[in-house]
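Colleague: Protein chains in written order, with our numbering: chain A, 52 to 599; chain B, 52 to 599.
It is worth saying that the hints were derived from the structure and are not from the lab. Check before you lean on any hint, since a few could be wrong.
The list cannot tell twin chains apart, which means a pair is met if one copy fits it or any two copies do.
[Unchecked claim] Within a straight-line C-alpha distance of at most 30 Å, the following computed DSS-like cross-link-like pairs (lysine-lysine) qualify: (1) Lys85 - Lys367; (2) Lys294 - Lys167; (3) Lys102 - Lys566; (4) Lys569 - Lys102; (5) Lys225 - Lys367; (6) Lys498 - Lys406; (7) Lys102 - Lys406; (8) Lys182 - Lys566; (9) Lys569 - Lys182.
There are 2 protein chains.
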Amino acid sequence: MSKTFTVGLDYGTEAVRAVLANVANGAIVAQATKKYRHGVIDEVLPTGGPKLPPDYALQHPLDWLTSASSTVKAALKMGKVRADQVVGIGVDFTSCTMLPTRADGTPLCLIRQFEKVPLAWPKLWKHHGAKAETDRINQIARQRSEPWLARFGGTIGLEWFFPKILEALNHAPKIYDAAEVWLEAGDWLVWQLTSGPFPDCDASKLARSTCQAGYKAMWTGDAGYPSPDFFAALHPKLRDVVKEKMPGVMVSPGARAGKLTPAAAKLLGLAAGTPISASVIDAHAGVPGAGVAGESTLVMVMGTSSCHMLNSSVEKLIPGVAGVVDGGILPGYFGYETGQSSVGDAFAWLVETFKLSHQTLTREAESLPPGADGVLAIDWLNGCRTPLMDGRLSGAFLGLTLGTTPAQMYRALLEATAMGVRWIVEDLRAGGVPVKRFVASGGLPAKSPLLMQIYADVLGEPIALAESDQSVALGAAILGALAAGQATTGHASAIKAINAMARQRGDLVYKPDRKRQKQYDVLYQIYRAVTAGNGVVTDVMRRLRTLG
Amino acid sequence: MSKTFTVGLDYGTEAVRAVLANVANGAIVAQATKKYRHGVIDEVLPTGGPKLPPDYALQHPLDWLTSASSTVKAALKMGKVRADQVVGIGVDFTSCTMLPTRADGTPLCLIRQFEKVPLAWPKLWKHHGAKAETDRINQIARQRSEPWLARFGGTIGLEWFFPKILEALNHAPKIYDAAEVWLEAGDWLVWQLTSGPFPDCDASKLARSTCQAGYKAMWTGDAGYPSPDFFAALHPKLRDVVKEKMPGVMVSPGARAGKLTPAAAKLLGLAAGTPISASVIDAHAGVPGAGVAGESTLVMVMGTSSCHMLNSSVEKLIPGVAGVVDGGILPGYFGYETGQSSVGDAFAWLVETFKLSHQTLTREAESLPPGADGVLAIDWLNGCRTPLMDGRLSGAFLGLTLGTTPAQMYRALLEATAMGVRWIVEDLRAGGVPVKRFVASGGLPAKSPLLMQIYADVLGEPIALAESDQSVALGAAILGALAAGQATTGHASAIKAINAMARQRGDLVYKPDRKRQKQYDVLYQIYRAVTAGNGVVTDVMRRLRTLG
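The following block holds chain A by itself, in its conformation from the complex (with noise of 0.2 Å):
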């Protein structure tokens, strides 16, 4: 068995992971995870003063560093394993969590003149300030029938880098000022691993990810970013923003961002040297990390939100698909990339307002029939990624009685979760791309049984699982050891690095029911008749949010 190691870095909305994975099959020897010290602040700054408005995520970017350092050191050491056996660094992230520094890295927050201003922090990807600023950016895209509106289908989402960006120069315009890059987080923690740490980083050095620019800022290989024409239209001061603010070169998700400097290297206990990919999007991870490395394959990966993700040799531009970029996933195919902004999180939502446990929950829920005995929900607690693609979307449950119990609304909301997928996978097969196996991976799978089991009977499909409960990391894992190259690693391609490192489980497979995906048949004709697009349900969550 071979004695050498990738180190997969996986960023998540509430804490790290580090994985050490064994170059040779993938088998994880170590792992640790440490939750972020201040987590996701939405209630009041560390520095304190007023309580933040109810749509804001942000995080602390020192917690990005220290949780690094404690996680890789503890995994070493868990793990048995020496500086010198790890041969790469991959880091996924999520996505468009997003933050202005200095050229020198120094994020902005952390300079004492702004560290009262909350929109100087990293802002998460969950943040959900920027609703009128992308309402703005797909206006005037429309209006001026930007070429690269079709590739996110219609529409840019209110998760994304430009938005937040905008929403700063409205809100905070001396933070948009005195910013001298606006990046990716993952894009951040690379350069801090290869230039840095700050205030030492060089700009010239950052390495940007193709994933989060291609999926999250409107980026392509042909185009790059969208004209200054565009940005000029948004706001005059936006114009020249690719060029002022926005330094580095481009690099794929495996390929080498750089090596890990000195002081880096002791921050993680790691040698300097060690060869570090570009980061990926946690989600987009997940799909090497679940052993998929072909086509018409969608890879789930279930945790807090979803993420549906797709490589395919078609390329088709779809509405409500949140976006395709040639190389996006892996090298070689359009990446598909679609989602759900809740999931686990609604489940905790649930779990929490009715002071349940999930093992209570789902004990009930299982002997519940399909539809929950007619209680129905709608999932967008964290407003609807795709395929509606709008932010001010909300959850709902109907078909409430006097009877109804928590289990039927906890029922009901993994029912409503199951056909938001099923709504995704029709409008891509509607739009000529071919799905044909399900794989899920992520935290959820593994917990809920049930879950999956309502999946495979809402889809009407089998649906497997990825080997390693750990497939995001493990795909970062994976991208490090692309990042080593061949010479190191003897994996003579990105899919036999693949093949070798990861693969689903062969002793348990979801099966649909075929009874049960005929009552569920019923239950999404009705689920569809409350969530269309521009129907009075999604009128009505929209002007509910502009009330008070």
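Start from chain A and add chain B according to the hints.
Modeller: Leaving out everything else, chain B in the frame of chain A:
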């Protein structure tokens, strides 16, 4: 001060209350309540057997007698009132709560051969087992253009008398066959007091209330019940149901149904020969009990469910009004009944489901703005009584986010019930029936100042409160005084008796806040958009009830 009193027996959903009211001024000198031993029977029959279907809600007839005995005796003792000081008895009862009996007054459920048949038991008003029967009655009535249909807003309710009979005929035909008398529970109770108790009742002495018959059994003074041809069109065996199984004479509330028999007098601890009024629907007793003797005042009797009653000299047949009955509430006026199937019940559901207290939720909800931060409820957790008259409708919450709290949902539910009243008031006014004043009574208004302020703000109208916190029971006692007659009470007319014995509080009127009223105008338009009678949401709710 007068030394004569009347008894008001107020039969609610869970308990009976007996009040002793001073005939001169209505002062309640003593009251006692007792919960029914068997409560609402919705799980298993007292005689055992399988779990009841989810729509079932039954009661035990002996509970009505034993609880009356203990409460009247307790009230007499507490009030130090002698039996010979009690000059009259009034009875109000939930409606349509009904049962099948022998001609001697014996409930079929107390006969051994029927005791295990659920449909032999009294069906509580909120028993919802007759959905298909209600659909059929409405369908046939529309096909035949039955002249009485418009009087009930064009729709017969799921909770009414003949749907419940037809349910027995369809699902327990031997019960239908064995029944010699079908009657309202309030009429049964008065029958026990004036001619029984069973098995000594005489069917020819059965006094049927024109109030229950008018609002719940399609009876009018001019035309009587629907025709045998109509009943035959529903089911051949139903043709002569009125002639064969509905003996008795029609008597108005406040008119004398009879006098206490010696055996019944012993049961209650009162004097044989005491006059008894014909029974009245509980909510309708709340109109005189709130001191409302005139027209154009909406009396909102708010409790488990809400009834909104209005007397008017104008007769208009308005879609969505549950019933308009000449003299149905007070002599000389057209009595309009509207209502909401779940109000306090819905609040209690939320409190129990979230395992929180009304106090905690109220305190938090008070600090929220109108619109509950964008959460919208639909209050039909027990169907929509008016204006949509559809028991298949259900409750809902929209606008939910990951930050939604139980207090927001609680406030949204309070607001939803207020918007339900506003819809009713707008329909009455649009139909040409003036609504000029608002008086709230029942259990809820005293308990929740927040609720009353929301009602004032949503309606944009001041709301007065009935002085008595037992206005329904007091209303029954007032009817007892009317049955006693002028020679005994000194009150020269019904209006004079009401004005002497009941009134509104002088110290507290809830006034609308004009700013909040405008905010609610916006919210109300949203509420109407989702609750529209033939909208996608109501359609979806109906389809949800057909699942499983």
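Colleague: State for each hint whether it applies.
Modeller: A quick look at each hint next to the structure:
{"no.": "1", "hint": "Lys85 - Lys367", "verdict": "neither (40 Å within a copy, 70 Å between copies)"}
{"no.": "2", "hint": "Lys294 - Lys167", "verdict": "within (28 Å within a copy, 83 Å between copies)"}
{"no.": "3", "hint": "Lys102 - Lys566", "verdict": "between (51 Å within a copy, 25 Å between copies)"}
{"no.": "4", "hint": "Lys569 - Lys102", "verdict": "between (48 Å within a copy, 27 Å between copies)"}
{"no.": "5", "hint": "Lys225 - Lys367", "verdict": "neither (41 Å within a copy, 66 Å between copies)"}
{"no.": "6", "hint": "Lys498 - Lys406", "verdict": "both (19 Å within a copy, 26 Å between copies)"}
{"no.": "7", "hint": "Lys102 - Lys406", "verdict": "both (25 Å within a copy, 28 Å between copies)"}
{"no.": "8", "hint": "Lys182 - Lys566", "verdict": "between (42 Å within a copy, 26 Å between copies)"}
{"no.": "9", "hint": "Lys569 - Lys182", "verdict": "between (39 Å within a copy, 25 Å between copies)"}
In terms of the numbered hints stated before, the structure departs from hints 1, 5, listed from lowest to highest.
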